[in-house]
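Participant: Quick mapping for you: the protein sequence lines, in order, are chains A and B.
Position one of the first sequence corresponds to residue 368 (this note's numbering), numbered consecutively onward.
Position one of the second sequence corresponds to residue 314 (this note's numbering), numbered consecutively onward.
It is worth saying that the hints were derived from the structure and are not from the lab.
Do not take every clue at face value.
Claimed, not checked - Over the 12 Å line for every Cβ pair with chain B, so calculated as not near, a few chain A residues:
#1 T445
#2 Q500
#3 G577
As the list claims (entries may be wrong) - For each label pair, taking beta carbons as the anchor points, the in silico distance ranges come out as:
#4 A:Y614 / B:P451: 51 to 57 Å
#5 B:R470 / A:G607: 52 to 58 Å
#6 A:V557 / B:R517: 51 to 57 Å
#7 A:P643 / B:V486: 54 to 60 Å
#8 B:R517 / A:R658: 27 to 33 Å
#9 B:G447 / A:A612: 51 to 57 Å
#10 A:V531 / B:R387: 54 to 60 Å
#11 A:D568 / B:L515: 30 to 36 Å
#12 B:R470 / A:D568: 40 to 46 Å
Backbone N, C-alpha and C define an ideal beta-carbon position, used for all residues, glycine too.
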Amino acid sequence: MSEKERPRPRRRVDELGLRSAFAERSLPFLVAAMAFLGALAVAGMMGAQALARHWEGGGLATLTLEVPSPDLRAGEATRRERVEAVLRASPAVASFRSLEGKDLERLLAPWLGSGRQLDLPLPLVIEVKLAPQADAAPLIAALTALDPTLSVTENARFLRPLVVLARSLEACAALALTVMGGLAMLVVAVATRAVLAARRDSLEIIHGLGASDGYIARRVANRVGLRALSGGFGGVLAAGPVLFALYDLASPFRGLTAGGGGGPAPDWFALLLLPPVAGGIGWTSAFLTVRQWLRRLP
Amino acid sequence: MIRFRGVGFSYGGEGAAPILREVSFTVPEGGFRWLLGPSGAGKSSLLRIIYAAARPTAGAAEVLGVEIGRATRRALVALRRQIGVIFQDFRLLPHLSAFDNVALPLRLIGRPEAEIRADVTEMLRWVGLSSRLGERPPLLSGGEQQRVAIARAVITRPRLIVADEPTGNLDEVQAERIMQLLVELNRLGTGVIVATHHTAFLSRHPAPVLRLEGGRLIDEDGA
Numbered sequence: 368m369s370e371k372e373r374p375r376p377r378r379r380v381d382e383l384g385l386r387s388a389f390a391e392r393s394l395p396f397l398v399a400a401m402a403f404l405g406a407l408a409v410a411g412m413m414g415a416q417a418l419a420r421h422w423e424g425g426g427l428a429t430l431t432l433e434v435p436s437p438d439l440r441a442g443e444a445t446r447r448e449r450v451e452a453v454l455r456a457s458p459a460v461a462s463f464r465s466l467e468g469k470d471l472e473r474l475l476a477p478w479l480g481s482g483r484q485l486d487l488p489l490p491l492v493i494e495v496k497l498a499p500q501a502d503a504a505p506l507i508a509a510l511t512a513l514d515p516t517l518s519v520t521e522n523a524r525f526l527r528p529l530v531v532l533a534r535s536l537e538a539c540a541a542l543a544l545t546v547m548g549g550l551a552m553l554v555v556a557v558a559t560r561a562v563l564a565a566r567r568d569s570l571e572i573i574h575g576l577g578a579s580d581g582y583i584a585r586r587v588a589n590r591v592g593l594r595a596l597s598g599g600f601g602g603v604l605a606a607g608p609v610l611f612a613l614y615d616l617a618s619p620f621r622g623l624t625a626g627g628g629g630g631p632a633p634d635w636f637a638l639l640l641l642p643p644v645a646g647g648i649g650w651t652s653a654f655l656t657v658r659q660w661l662r663r664l665p
Numbered sequence: 314m315i316r317f318r319g320v321g322f323s324y325g326g327e328g329a330a331p332i333l334r335e336v337s338f339t340v341p342e343g344g345f346r347w348l349l350g351p352s353g354a355g356k357s358s359l360l361r362i363i364y365a366a367a368r369p370t371a372g373a374a375e376v377l378g379v380e381i382g383r384a385t386r387r388a389l390v391a392l393r394r395q396i397g398v399i400f401q402d403f404r405l406l407p408h409l410s411a412f413d414n415v416a417l418p419l420r421l422i423g424r425p426e427a428e429i430r431a432d433v434t435e436m437l438r439w440v441g442l443s444s445r446l447g448e449r450p451p452l453l454s455g456g457e458q459q460r461v462a463i464a465r466a467v468i469t470r471p472r473l474i475v476a477d478e479p480t481g482n483l484d485e486v487q488a489e490r491i492m493q494l495l496v497e498l499n500r501l502g503t504g505v506i507v508a509t510h511h512t513a514f515l516s517r518h519p520a521p522v523l524r525l526e527g528g529r530l531i532d533e534d535g536a
């Protein structure tokens, strides 16, 4: 067989004429807009989630004690030794440590500046980590009974509202994401219906030639799914610089929540999932829409 | 085989004016029938039931062993693949070439592309269009478009061909050429049903006649 006679590999024939349907061509832009908003919502959700976890894990279950004049003797032991004895004996305490030296210097740096010799009569600061599900009230009562000048700060008191706020923000972002997903399905369904209306004759001819509902629906859904996928990539790419800018703006806040460990970083991998999700939503919505539309034909 | 028993049909469900009433007839496998009747007699509706584009609203219509009224959608898809349909307005896909229009039924049944190329080329040669493979329908004459439609209808070697006024948009010469193609297909064993206004064809190609009037079958000559 000569080169000329040999059947050439063919580009997949567009039987339904979908390539020239306006609604189908405009779909990527609509999906890109939603993917852009979706990326912002995902980033917001991840940020709020990381903050809530950080606060829940590190802050809610801690007490901060300040022991003035820790080396002053009160009977047999110093004030510090008496407080530490109570902490060791309490089942509510998982661990505790005194903040000294560099820890204390870092804690006071915002007020006193760093690299200074601290000659002030500072109280002893003890960070107490509570056991899981422990009730701090008896411990606080025991400590204040032992030494009324002792200052006890229950971190949960001011962190709990912040955790609730972070969780609320996370829920709002998740809700926005869900609404956007539903909206994307609706937009794709409307665009698909417009494509079907524009290509009604072609669809009826192909149906009459023996194309199954599944075949027709897959042809349309594959095309729409690809368009949605490309729109999803476009939206996430467009959101990238905005998210980087927001991440940069939030750097002081990240420092505050760091607890010395760097703070919550956005999960960029989750954003990469958005385009395939957009493609999946597009494919599914188009497939179901076409199947439903075809029910009118016998 | 086609067997209609008291078939009725109407658009819009109960209470709507019936298009077909109590239509009963039988066409054996490989038979040829002319379907005659004035405009509005119900010819197209009767053909639509035969090629599974509509279900009867009364009675029982059996086509190639499939009960149209009760068949599943999957069974109707399989039935449509055994029937070639030719329309007065050709119903070709304007965005596809003549080649791709004819190849479409083969692609739908998953025939390998290499086989499709050979079969379609041969079929278009048979209908006298071997030089117009790449043309799109809008660039073809009415007669050429109808020959593409016939090639598409017979490319899968269907058991039955249904033609609804296939010569309605053609001049005398083209119309006669199309009729000769249909008669030739019938001679090769394919059942053919042709709805037409052109009674002149009956004398040139004699065959039994189904005559409809007001939705009723008033004559089943020679059946």
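Participant: Hints first: check each against the structure and report whether it holds.
Facilitator: How the hints compare with the structure:
1. Listed as outside the interface, A:T445 is consistent with that label: its C-beta sits roughly 89 Å from the nearest C-beta of chain B, beyond the 12 Å cut-off.
2. The non-interface label for A:Q500 is consistent with chain B: the shortest C-beta to C-beta separation is roughly 59 Å, beyond 12 Å.
3. Residue placement check: A:G577 does not keep its beta carbon more than 12 Å from all beta carbons of chain B (closest about 4 Å).
4. With their beta carbons about 56 Å apart, A:Y614 and B:P451 fall inside the hinted range of 51 to 57 Å.
5. About 57 Å separates the C-beta atoms of B:R470 and A:G607, a value consistent with the hinted range of 52 to 58 Å.
6. Distance hint check for A:V557 and B:R517: the Cβ-Cβ separation is about 54 Å, which falls inside the suggested range of 51 to 57 Å.
7. Here the CB-CB span from A:P643 to B:V486 is close to 59 Å, well matched to the stated 54 to 60 Å.
8. Judged by the Cβ atoms, the range 27 to 33 Å given for B:R517 and A:R658 is violated: they are separated by roughly 47 Å.
9. For the pair B:G447 and A:A612, the supplied restraint of 51 to 57 Å holds, since their beta-carbon distance comes to about 53 Å.
10. Checked against the hint of 54 to 60 Å, the pair A:V531 and B:R387 passes, with Cβ atoms roughly 55 Å apart.
11. A:D568 and B:L515 have their C-beta atoms about 32 Å apart, which keeps the hinted 30 to 36 Å range intact.
12. The hint said 40 to 46 Å for the Cβ distance between B:R470 and A:D568, and at roughly 26 Å that hint is violated.
Hint compliance for this structure: hints 3, 8 and 12 are not met, and every other hint is.
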